[in-house]
Amino acid sequence: MIKMESHIMQIPKLIENTVIEMNHFHVWYHNSHALKDFHIRFQKEQITCIIGPSGSGKSTMIRSINRINDDVDGFTYQGNILFHGHMHSHTVYQNGFDVNHLRTQIGMVFQKPCVFPRSIYENVLFGIKHTKKLLKQEKQQIVEENLRAVSLWDEVSYRLHEKASTLSIGQQQRLCIARTLAVKPTVILLDEPTSSLDHFPFLPMP
Amino acid sequence: MSAYISKVGKGYIIISTLISMIIILLILGVLFLSSYDAIHGGGWRLFTLTWNPPNNQFGILPMLYGSLVVTVISLVIAVPLGIFTAIFTSEILHPKYRIYVKSFLELLAGIPSIIYGLIGVAFFSVWVGELFHLQSGRTIFTAAVLLSIMILPTIITLCDDAIHHVPQKYREVAKGLGLYKHEVIITSVLPIAKTDIIGAVLLALGRALGETMAVMLVIGSIDKIPTPIYNLLAPGQTITSKLGREIAESAFSSIHFSAMVFMGMILLIIVLALTFIAQQFLKSGQRLYE
Amino acid sequence: MKIYYVSVLILLFAIITGCNASKKEAILCAGATTVLPVVSNAAEQFKLTHQDVNIMVNAGGSGVGINLLGEQNIQIGMISRNITQKEIEKYPDVHFVTHPIGKDAVVPVISSEIYDAGIMALTIEQIAKIYKGEIKNWKEVGGPDKEILAVDKEMSRGTRHVFMKIVLGNEEAAAPGADLVLGSNNEEQTAIAQSDAAIGMLSNAWINGDVKGLSIILANGEVVEPTLENIINGKFPITRNLLLITNGEPQGEIKEFIDFIKSPGGQKIVEQAGYVSLYQ
Amino acid sequence: MNRRVKNNLFLAVCWSAAILCTLILSFLLSVIILNGAKTINPDFLLSNSRNFGAEGGIFYQMIGSVLLISGAAFISLPIAIGTALCKSEYVKNPVLQKISNMMIYGLNGIPSVIFGIFGLIFFVNFLNTGISWFVGSIILAIMIIPTIVLSSYQSMSSIPRMYRESAYALGMDKWKVITKVILPQGIQGAITGLFLGLARAVGETAPVMFIATAFSGVKLPGSLFQPVTALPTHILTLAQQATNTQALQNAWGASLVLILVFFIFSLSALFIRITLQPVSQR
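Residue numbers (the working numbering), protein chains in the order written: chain G, 3 to 208; chain S, 296 to 585; chain F, 1426 to 1705; chain A, 246 to 527.
Be a bit skeptical, because a hint or two may be false.
[Stated by the list, open to error] Below are the DSBU-like pairs computed for lysine-lysine, each with C-alpha atoms no more than 30 Å apart in a straight line:
id, chain 1, residue 1, chain 2, residue 2
1, S, K464, G, K138
2, S, K305, G, K165
3, A, K251, S, K305
4, A, K251, G, K131
[Said to hold, decoys possible] Coverage of chain A stretches by chain F, computed from C-beta distances (three or more under 8 Å per stretch; other residues unrestricted):
id, segment
5, 247 to 254
6, 367 to 379
[Claimed, not checked] Listed next, the stretches of chain S that the computed footprint assigns to chain F, with coverage defined by at least 3 CB atoms under 8 Å from CB atoms of chain F:
id, segment
7, 314 to 325
8, 336 to 350
9, 425 to 435
10, 452 to 462
It should be emphasised that the hints constitute simulated quantities derived from the structure, not laboratory data. Here the structure is a predicted model, which is why all the values come from computation and not from measurement. All residues carry an ideal CB built from backbone N, CA and C; glycine is no exception.
The following block holds chain G by itself, in its conformation from the complex:
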């Protein structure tokens, strides 16, 4: 296992500018030690890129932050991750911590696009409609806003109610990003999402 630390440029910044920090974080899957003693601080309103060979633990690290890994068979961890939200700071791996709320704060886009077998319109609203009561008008507005943000609006505005699976893979991935943006997270974790994008459209980050 290659230690990732060596590939990352640590930028010393002030604590108050940090949004996520991982301290001495270890991950095991059954007996294999996937992440060893990992430290990092992510800055607010910055794009941090993590580069490493496949199998070096990039996905493990990113998936540990919003605790998607929790249900993976054989997952154990050591160390802590701090998340500095709007008002409070939390230790992510804490008993009784509202992990669902955490995940609305830290959005995530996966490597391969994964759309639900519903319409494009409903896919955009898939996450947000559970957290907020929305009027019809608001829904329309959210869909348009987020689809525009991923430059998909012009391509699909006339067929919003068709199945999302009719889109091309690249369009599907942009739809996934729009779906994540709609929840208005503070942080977005992107797990190599560009490997599925057919061309590289401009992605404005919030």
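Guided by the hints, dock chains S, F and A onto chain G, whose structure is given.
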């Protein structure tokens, strides 16, 4: 010599294939021929309310009603219970134990129906009788409860497969959007597993319709639609229990026998239709335990 | 693999030829559960002296016995009622010969709870009204306030034929008041014992502590108990003969077997089973 | 917090459904095992039944069941293997494949009582075989053919195409390829299916009760065309006199034996399936 053996072998393969393909047609043909007398002689009079062989009255409606009601109630009990349990085994239970639970359920799914019948007579009918202060616990409701327990393992194990086969990525995406577990299951897992679950329910429906021994021992065997029609705590009769009790009593090639076979044929056609439809739903198919 | 298959085939061949070589004569009997205990016990004793004869006994009811004999699938039918004209007409090639082997009473029976509550006798008319559905509660005949569970039997059963002929006047009469239809004497006995307000019909031999036999009040007011004595002297109104039927006069081992049941030794089995022997 | 309440409610429903099912199913098993264990002893297993089965044991019932299912095994195995070979080696046309699948799944779905009626009409009355061991075995064989066909077809079609092609390349004809390459793999699948099928067949009551079994007085059948006596029909007789405690006890004993036979067959099928090695790993 080698060519000769090859020919014999090919002959064997073709003959055995023909045998196993023709059997089902043979069964359908035999049942149709034997029920011809009843269809020809009875016509629409078969679909009346009175079954009284000495008077040449062969109304099969009470049996159709019984089969329908017993099956529907057993599904109403078993399907929600089965689906929730399947959600438990596939989503909540630790994956380590799933294999044990599955093997246990698949074993249970095959317990011979006569044993369920014995348990029904010895316990369930007595309990139902005492619980509702009935004269006799041999009722439509008893049969339905017993049947629901019989089909429960089948439903759980098929639904568990269906839910388990939903790719992990859907769950992760839904979780990544901050959805709670119940929202993940209801809005993203179940809709994807839907077709397989429908197939499972249809298979269970077919099994429940065709079940004989357990139902026959506890249903009370009265060829009447209960009054009022929704009174489930009254004895009744299903097609299968009627066949099990009376087919050997009726003389071969009498109208009575023919009417019995006619009921059997109706049952067969319904169950075959259900099987074919279920097979369209169950794309993964090819399970050995049903 | 090949050796396995060849040996399996040889084994199969051996079983088939071996079975046919031993050519044991088998007598098949089927029919009324009332006659069943007599014939199956008699068969066990008969086999002690006739080792090469195999007698198989099957249940199913009198109707089944007649049908199977009519279709010549069995050699001896067991019936607990007379053959109807319809049944004789149905099988013109078969010459039914009957052999009486004993006598029995069909007794109206009730759950012990009702018996203990004071109902020990009913008139035929009252029983008829119960089966017609006109009397639905025990209090109408002087018992506790409980709904009556009228247990009926399958149409072709001999017990039902005999009972309904006396009670409703026609052996195939429908019983609209029935709440439960069952088959063998055993099954009916079980259902009546499980209930606490049931009435049914059973052969005299099946009466026990949980299932009590009712006395019958005759038209002249006399009360007749279902005792062996009353059955023998003919006072009890619902009696019948237990019969074996064969196709034509029996020959060989079948004749020997029937003669054995009619002999004093065989009649002892009839008495042990709770019936009245031919000699009484 | 409304969502959290809903979530907990949902989880609670799932838990209680699972607990309820566990309770029901373990009640079933424990009733049979506890009651049955009281009855089973060597005497019960080795003596014949008396007095409607209420007294004595179940020796000849066990023998009868074994005879019925071994007859079924002998009849069904060759036919099913032939059918599976045809499906995997000869039928390439997708329409024919679909039709044959429909036939097999259809046969698998037929309610068991219908098989009994079919046997009664076709064999007992039309071919006039009488109520016999042989007819019972044929009917049970028909019932388990689909299971064996599907199981052996599955293992035959899992053989990589490469193996067939290299065998043809060596100049073997089709029949040689079938016997040397396909069958050794298919046999294991067939045996798995056979055990699963027999596990089902041994407990079937409705198909055999009109056509193969006699009530009493049956010991060993003298020939193929005589009736036998079997465990499930014996339990049926006993269940009909459920208030007779002795009869009920014997019924539990017979049920436990039947379930044990069923478990042995099912578990051996599972075992064979687990140890089954694909041809490429031998």
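Hints and how they fare:
About 29 Å separates the Cα atoms of S:K464 and G:K138, which keeps this hinted pair within 30 Å; it holds. At most 30 Å may separate the alpha-carbon atoms for a hinted pair to count; S:K305 and G:K165 exceed this at roughly 49 Å. Between A:K251 and S:K305, the direct Cα distance comes to roughly 63 Å. Violation of the 30 Å bound is thereby established for this hinted pair. Restraint check for A:K251 and G:K131: satisfied, since their Cα atoms lie roughly 15 Å apart, inside the 30 Å limit.
With 0 residues bearing a CB less than 8 Å from a CB of chain F, the segment 247 to 254 of chain A misses the requirement of three and the coverage assertion fails. Proximity of the segment 367 to 379 of chain A to chain F, defined as three or more residues with a beta carbon under 8 Å from a beta carbon of that chain, is established by the 4 residues found. For the segment 314 to 325 of chain S, the stated coverage by chain F is violated: 0 residues have a C-beta nearer than 8 Å to a C-beta of that chain, whereas at least 3 were required. A count of 4 residues in the segment 336 to 350 of chain S with a Cβ less than 8 Å from any Cβ of chain F is obtained; the coverage claim is therefore met, three being the minimum.
Only when three residues or more bring their CB closer than 8 Å to a CB of chain F does the claim for the segment 425 to 435 of chain S stand; here the count is 4, and the claim holds. By the rule of at least three residues with a Cβ nearer than 8 Å to a Cβ of chain F, the coverage given for the segment 452 to 462 of chain S is violated, with 0 such residues.
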